[in-house]
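Engineer: What follows is each chain in one-letter form.
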Amino acid sequence: MRPNRTLEIGTGLFVLLGLVALFFLTTQLPNSGLKLSGTKPGYDVTAEFDDIGDLKVGAPVTLAGVTIGEVTGIHIDKQNYEALVTMRIEPKYNDIPDDSDASIDTQGLLGGKYVGIGPGGSETYLKQGSRITLTQGAIVLEKLVNKLFANFAGGGSGSSSSSASSSAGSSGGSGAAPGTGRATGHSDSASAAGGSSTRTH
Amino acid sequence: MSVAVADGALLRALRRFGATGIFLVQLLAQCVPACARPRLIVHQIYNAGARSLIIVMLSGVFTGMVLGLQGYSLLQRFGSEDALGIAAAVGLLKELGPVLTALLFAGRAGTALTSEIGLMRATDQLTAMEVMAVDPLRYVAAPRFLGGFIAMPLLTAVFDVVGLYGAQLVGVQMMGVDRGSFWSQMQSSVGFADVKEGIVKSLVFGVTCSLIAVFEGYHSEPTAEGVGLATTRTVVASSVLVLLLDYVLTAFFL
Amino acid sequence: MALSESAHTAPAPAADILVDVRDVHYAIGGRRIFSGLSLTARRGRITAVMGPSGIGKTTLLRLITAQSYADRGEVLVWGHEVSRLARREVYGLRRRIGMLFQNGALLTDLDVFENVAFPLRQHTDLTEELIRELVLIKLQAVGLRGAAELMPAELSGGMARRVALARAIVMDPELLIYDEPFVGLDPIALGVILRLVQRMNQALGITSIVVSHDVNELATIADDSYLIAEGRVIAQGSPQQLRDSDSSMVRQFLSGSPDGPVPFHYPAPDYFEQLLAEDAS
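Residue numbers (the working numbering), protein chains in the order written: chain D, 1 to 201; chain A, 202 to 455; chain B, 456 to 736.
There are no misleading hints in this set.
Covered by chain D, according to a simulated footprint, are these stretches of chain A (three or more residues, beta-carbon under 8 Å): (1) 242-253; (2) 274-285; (3) 352-361; (4) 370-384.
Chain D stretches covered by chain A per the calculated footprint, using a threshold of three residues with CB under 8 Å from any CB of chain A: (5) 9-20; (6) 58-70.
Simulated from the structure, these hints should not be mistaken for lab results. Because the structure is a prediction, the values reported are computed rather than measured. Ideal Cβ placement from N, Cα and C applies to all residues, glycine included.
All chains should be modelled from the sequences, with the hints used to inform the complete structure.
Structural biologist: This is the structure:
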């Protein structure tokens, strides 16, 4: 039949659109590491956690509940086998004290993980390449339960656990210690359990 | 009496099923030589695909938005709104995308195919081709079948993408779910297996809907009424088979 | 241009017979269509096949083009029994046959030029210029060269049929089959078609089989005529021989009288009984 130019152009566009959509679905969605979005402005800071739970790249970084940035990279520090998390903070939040702490919290009850920054009191601020030294890893439910049972079995003070106090403010000696991470200065009431150890990097 | 009637209906359905199978084999045999005329196939991809694009995109957006709304309201009860991305992506990729696109295809492109071929049958065009020593299967049926088969996964992909953006529109823009969480949760939870499942489904549905549409048109009664009945049969048979195959494939992939 | 009467009674040499239908029986779904049908189409002549509507004339054409196969009997085209031909040979056979359908059967998505060029494009490797020339020549022969750009939907019935005729002859077939070519045409268009059928036969020497029930029109151009009724041939010969026949069926058909062997009344119970029965209730 006579070649119909508009028809062929239309078909070509359609096929192109479909292929682009297919490409998007197969490469962008699965966690293949390919990301389409360009880099956002801001400065990078890092922090090491002993357990990040299921924190994902792209998870928000908040301060006092306000989103100030996002997680841009998750790697393993080969020297101490801890998780090294890179975060990009928006440029306008450039006055975060460099002794602030970072903890991995859960959104809601079953939500995803995010990084919460608790401000310190230092006069110097975080800048590009800064490392947040006070960190608390994610609270993993199974380890919580294990600790609880271990404590009951041990039938004693919380000293049976290698790490000490909780961050959730549990009072009393034999309280369950959700000690997946080391306690931070963030949790005040935890000192009641005695012997809060702070780990610095 | 009713047993005999049921027997007759069952027998007829069986016969039709068998005839469709035989037709499929004959059609597939003609698909390879039909590729010698790519222009015909291009024309049919346009008919089946490009012409269905608008309806697919519209339906995709609204489906995605509904997913966003319903998903948000459900997840909110558990405080897990940021998992909306996962819900939307998985729902679209594995189920809603392939199935809804197939149903839309059957309604728009399938009926067009059936009535077109049925009309050619009714006006003796197919017979004329036979007499001119041109195999109508090769010249008419195969390009239309291939066009539908190629168009379906492309349409499904467009539906999925548009649906995701619809869900994001509702979830992020309207309901305040964090954009980063939305996409990052989705990206880490959606595996290639999910995408693959959706693509396989769309391919199977493409074969099914195109085959039924072409078959019904080819075997319709050569009257105006016959073509109308054939068109109805296309939609009904395509819809039922798509949903049935959806169950089979879902079970197969689990 | 009918030949002398005696030519019809003498048996024709085998090479002269293009289509030979011998004692064919054919039934569809329990309904008997042909019971012992025999006819021949001789080379270079116009053979008319006539009969009442629904008698199976189109089915006969399907048997000749090997689209259907007889239950019993033989159908020989160019000496080959069609039911024994392989698929490829059937297609080879059909390439030597041109067929004109009742409503033209043009491909609706192609324009007139492309419709006529269709067989050439499908079956030959001719260059674009050659195809163009051939198509224009054939269109000129049917008088529609100026309509080459029109779409089938824009053609009148008569014009569509002429285009279909151009398409049927574009591959220079040896046998042309016309399925009810005069149906639904106004007198002018009818005359045009008639003249074309005759011209194809005379100028190009194409053997023609014309199926129709337009007795008077056919009589002016046919060489051999067959009248089919009750599933077989009930009269054959030249148009004059048919007119001289004393079969009442033939006479009813040729004269067009409403009642005779083909009854006017559809079978029904007794008239008065039915009327009175309805009154009483």
